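Q: Residue numbers (the numbering used here), protein chains in the order written: chain A, 13 to 373; chain B, 33 to 738; chain C, 4 to 331.
A couple of the hints might just be wrong.
To be verified - List time: in silico DSS-like cross-link candidates among lysine-lysine, alpha-carbon distance up to 27 Å: (1) A:K316 to B:K577; (2) B:K577 to A:K142; (3) B:K558 to A:K142; (4) B:K558 to B:K593; (5) A:K316 to B:K569.
What the hints assert, rightly or not - Examples of chain A residues toward chain C, derived with CB under 8 Å: (6) S199; (7) I207; (8) L351.
These aren't lab readings, by the way, just hints derived from the structure by calculation. All figures in this text were calculated on a predicted structure; none of them were measured in a lab. Glycine included, C-beta positions come from ideal geometry on N, C-alpha and C.
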Amino acid sequence: MADERGWSLGLGGGDLERLLAEAAQHKGESLWQDAWRRLRRNRTAWWSLVFLAVFTAVAFLAPLLPLPSPVTLDLQLEPQPPVAPWTELGRHGFERDYWELSWIDERLVDARVALFGDWQTGPWLGTDAKGRDILARIVWGSRTSILVALAAALCSLAIGVTYGALAGYLGGAIDNVMMRIVDILYSIPFIFVVIFLITIVNEYRAELEDTYGIDRETIFYLVIGAIYWLTMARVVRGQVLSLRHAEFIDAARVLGASTRRIVFVHLVPNVLSIVIVYLTLTIPAVMLFEAFLSFLGLGIEPPKVSWGLLAVDGSEMVNPVRLYWWLVLFPAGAMGATLLALNLVGDGLRDALDPKLRGKD
Amino acid sequence: MAFALLGLAGVLALGLAAGTRLAPADMTYNNGAEVSTLDPATVSGVPEGRVLKAIFEGLCVKDPRTLEPLPGVAEAWELSADRRTYTFHLRADARWSNGDPVTAQDFLFSWRRFLHPATAAEYAYQLWYVRGGEQYTLLDDALEYVDGEEGPLWFQELAPGRVRVGFAGPELEVLAGGRTLRVDARDGERVARGTALCRYPFGVDEQGVYLPCDATVLRVNPALSREVDEVLADPCGAQWLAELEVDPAALAELRAAGRLLPGARYRREVVEPHLLGLSAPDARTLVVALKAPTPYFLQIVAFYPLFPVNRRNLDEARERWPGDWELRWMRPENLVTNGPYRIEFRRVNDRIRLRKSETYWDAANVAFDSIDVLAVDHLGTSLNLYLTGALDWIDRPITNVIPRLMPREDFDPQPYLGSYFYRFNTTRPPFDDPRVRRALSLAVDRRAIVEKITKAGERAAWGLAPPGMGAYPTVETAHARSGDVAADLATDVAEARRLLAEAGFGPGGAEFPTFEILYNTDQTHKDIAEVVASEWKQHLGLNVKLLNQEWKVYLDSQKNKDYDVCRSAWIGDYADPNTFLDMWVTDGDNNRTGWSNARYDELIRQAAAESDEAARLAQFVEAEGLLLEELPILPLYYYSTRNLVNPRLGGFHANVLDEHFPKFWYWKSDAELARDRAALPPGTVLVDAPGPAAGKYAPAARTEDR
Amino acid sequence: MLRFLLRRALWFAVTLWVVVTVSFFLMRGVRGGPFDGERALNPAIERNIAARYHLDWPLWKQYLQYVGPLNLDEHGPRFLGGDGSELLTGITTGDFGPSFKYRDFSVNDVIGQSLPISVSLGFIALAWALLLGLSSGIASALWRGSRTDVTLRLAATAGIALPNFTVAGFLVIGFVFLVPLLPVAGYGTWRHLVLPGFALGAPFAAYISRLTRTGMLEVLSHDYIRTAHAKGLPPRIVLLRHAIKGGLLPVISYLGPATAGILTGSLVIERIFAIPGTGSHFVNSALNRDYTLAMGVTILYTVLVYGLNTLVDLAYTLLDPRIELEQS
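Bound-form chain A, shown alone (with noise of 0.2 Å):
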């Protein structure tokens, strides 16, 4: 905590201003220390919280765990029931076949390699109509789908923070033009707008790999986050609004202070709960969307993939012939435990930040 005041006083000009933002920070340190209190005591919401953190985890160091290879194809009629733990723990024959990873999954593929050889887990999940196993399938597919949502989430935080801010604290006319564009964005459907993106995008996609090193699977996040940015901008807005005749800004203004500097200074900390909050909720809106576009088969190409893949895989399993249910069930049930976690944790870290609530527990 010691450190968020540094930076405060790190940034700060004249000493009246100093002094009104260390009141400022002040104040801050005790509505972050005294959530953080509250959201221990949610115990739904800090359960999902440590769920969440040892899924994480387990998402990053993938390529450490001994699982069979996401990829490698073993063509089978048809797709292969689960094998309990107990009855086949493992087999020999792992496959060093991925798509092309960083440098730091390279490495921990090497480490991989090092401590388990060619072992692997059998397929406790079972195996797809190619051979390859959930498990591996889910926990890889982890991966793409959190680095979606991380990456749409933050590119709507940038620009939908950064908008929303903007309106709010410059207000009348520049505001009014500025959310009746949010308002006309709102009213095109975005399915359009993403059809029509990714399509501009394949088509360059040659241009932009040679020229710019942008693959197109980092487009496709920036798509989405561009997407999700409107709502971001007028929640905001709504508290820079509020906020923008309080005293400390006015106090800010006389001192002299830039635009730049109040919004981003002085208004953005301020509205951080509440961006915080809708973040958490905008992540599990992102996954389930990447979903959605994999059923109109729009989403990340093959051998790589995502939950929303794995879902669509699952739900075109569903007939009375023969229901293979851990195509379903398993992909289904990681996608559910993880948005429902992400949900709580948002439920509670709202409950926590929400000054009206507290101290009323």
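Knowing the structure of chain A, use the given hints to seat chains B and C on it.
A: Chains B and C in isolation, oriented as in the chain A frame:
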């Protein structure tokens, strides 16, 4: 309050839903997609064809088993000795649903309408086998045409006294077949009336294109091809002949004398009566003159774009709704049809309700009173609807359950006249090297694909044209075929490695560039691409990426040759090798690989004009052999049909075009069903066969069949 | 009030114009045309088709023709076979043109047929969502922190934790295969709409439940509720008369976007349950490059979102007199 309102709304919604209730039809099947139109002239798809076959009838129909032509509206026909003229005799009792008799004039009207550029028929080229048909379509109404000795020419007045001229008229068609032009006119030259602008060989003589008035040549089209065939492909567009300066008074004089006719008049007064090979000597006789002998012409006559439409239907609609008659005449309440069924009800993306037509000449042999045609595009949903008894026929179950469907009596995949293959972009290195293409082709284990991915008894393909086209044999590209699968694959892979090394790639050579397999959004295409990519990686060490594009973008990429390797397929329109092979000629519209082979082009052209059937097939065999030697394509497998059909449905037969004819359908009685089941091979799993126990037979069906 | 409506109308016109213009040019910027097919067309035939639908005109002219109201085609609107005497055309006259994909129908026909179906499905979904969302939200606010609260919140959150096609899959397994109660898909009777209505309403129920809970909690902490309690009113009356009215405000404001979302977000549900509604046209028309239909549904969506939001703002003032229209 809010609850009360909502309750009200809910009741309203339910009422709305219940209000549209329809009594169940006798039979229901899934068409897979909404039909784009019911106008026979402008359709081009399988779902549309299925509905049109129920509501219209052409001169011939097809035998549901063999697809041989059977009498339809025509009760008999003859072919002239030179095999260029068909005479169709129409039956006297053929009726439209408005009571009018179906006459030869109806066909004349419908086929001219089909060819007419204003109709903009996608399939118009199917009738270009008729003499003058192609030029009839390509005539541009915005131009003027010379009628008389001179010509064949069209005129377009760019400015007063300044005209552009080009080749015109069906007369030119006799020239097709590899002739070359010699352009005589020079830029700036003064040309007198009656002078030839250009010449071409004709038999032993030379013929020319002459001017009907004096003129000065301003410039000859620099882009004009010297190949008559190329000129004929686009005579009113890029292939104009020259721009001239003409005295405006001379033009006015020609017009006054009726020598220079506006397009519409030229079509009506010159082409229709004199040049187009269609005529109707009386109401029950239709004479069709062909450009060249066309062995599969009767199959085309039975093809749905050539079904007739009712002229009164269109004329009345045009009169009543001048603004939107083109939509109105096809409304269920207005559409006049001549087939076994008529449209009773239609809702976009939901269903078409067919009702038995009482005016149909053979109504006594039609069993069902009503048929529902659904437009469910989700494969899983379609399968579930079938399995819960809501549908009686679907043509595509999801691939994953096929192993479970195989032993069932209601699933019986049969050879289908379609081919699945990859195109190589031969304009892009390294795919411009035939050795590379051969190597890539050899290193794909087709058996794994047909057994583990498509699963419905598809046959591994080493050639393009599928078996099942009469006397045409299966032509294959060279590969190991000892019969031992593993050994064959090993031999082929070794050969592939050798070919790649020979082409300069692999150990000691250059690194093979990373490339992409392009496919359109679809589970099976994705699966196959994954397998092919992984085999190329495993066997040849190549880095392959997959690129999925939605349908329209995929088509555009293919058309503009913006791909490396691209998933493709071709379904035969009729059972003749021509439908698979004529597309690969140089710059053919459907070639899309950039591949070109002069000998191949020549063979296809010869085959089109060949009147000896055996010689014609031999030319096709040689052509396909050339194609498979150079492999601009990578054949993967020949299709199978995938129909899941209620075992009670009678009159539904497998055939190589997977065409089915509602006219012959009926419900079998329990007795007939039991008889048929007794003949099934042992091990067949019997399934529930919903439907009336007594069956539902056509009024004229023989009682001993029931 | 009148001034508010007028201002809204003006902004509506601007919004609509921007949406129409942007979508028109966006759509034409994407590769592929409405008449591209597996089989290439002969260039001359392709020209004939393009001429029939005015696709051979320069884009600006097509745009002007599409928007109207002046008919720029001296030959008459060829695609509808007019005789050339019509002076007016385009969307400003209410004519959305012919659909390029469903060639027997005009865009007005297609929307006219499918919208009532989507509306009836939407109502059922919304009714479900409100019934479940409100009751669970109120219950969970009243017994805040109790086991009931936790259970209800978990159940409500489950609605936004799974993609709706997965939810639909589970529903089909449960109510069609395991317990054969309902038809698997199709459209015709009310029974066909139960499962899709539920699957469509589930995420909205979840949101409504959370909004209700939050709104109720806030209202319950207000002084006037305490006063009501202090006056000795029975808790049931306090809840129904005072608390619900205030607590519902956030739900009302959510209903605008939710209704538009239900009507258009039903794409996946409509596909899985084979319901011939409008939702499928939103994506399919774009994928088919059915320019006119895509524009038609875009305009429909804009009108819906804008109209419903205006209605919500009006409803807000009726429920809460403290809010003035000019502010919103």
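Q: The structure should be examined with respect to each hint, and the outcome stated for every one.
A: To see whether the hints hold, each was checked on the structure:
Under the criterion of a C-alpha separation no larger than 27 Å, the hint pairing K316 (chain A) with K577 (chain B) is consistent with the structure, at around 11 Å. Taking the CA atoms of K577 (chain B) and K142 (chain A), the gap is about 18 Å. The hint holds against a cut of 27 Å. Using a Cα cut-off of 27 Å, the hinted pair K558 (chain B) and K142 (chain A) holds, with the two alpha carbons roughly 12 Å apart. A distance of roughly 20 Å separates the Cα atoms of K558 (chain B) and K593 (chain B); the hinted pair therefore holds under the 27 Å criterion.
Among the hinted pairs, K316 (chain A) with K569 (chain B) is consistent with the structure: their alpha-carbon atoms are about 16 Å apart, no more than 27 Å. The closest approach between the C-beta of S199 (chain A) and any C-beta of chain C is roughly 4 Å, which is under the 8 Å cut-off, so the hint is satisfied. The closest approach between the C-beta of I207 (chain A) and any C-beta of chain C is roughly 5 Å, which is under the 8 Å cut-off, so the hint is satisfied. Here the hint on L351 (chain A) is kept, as its CB sits about 4 Å from the closest CB of chain C, short of 8 Å.
The structure fails none of the hints (numbered hints given earlier).
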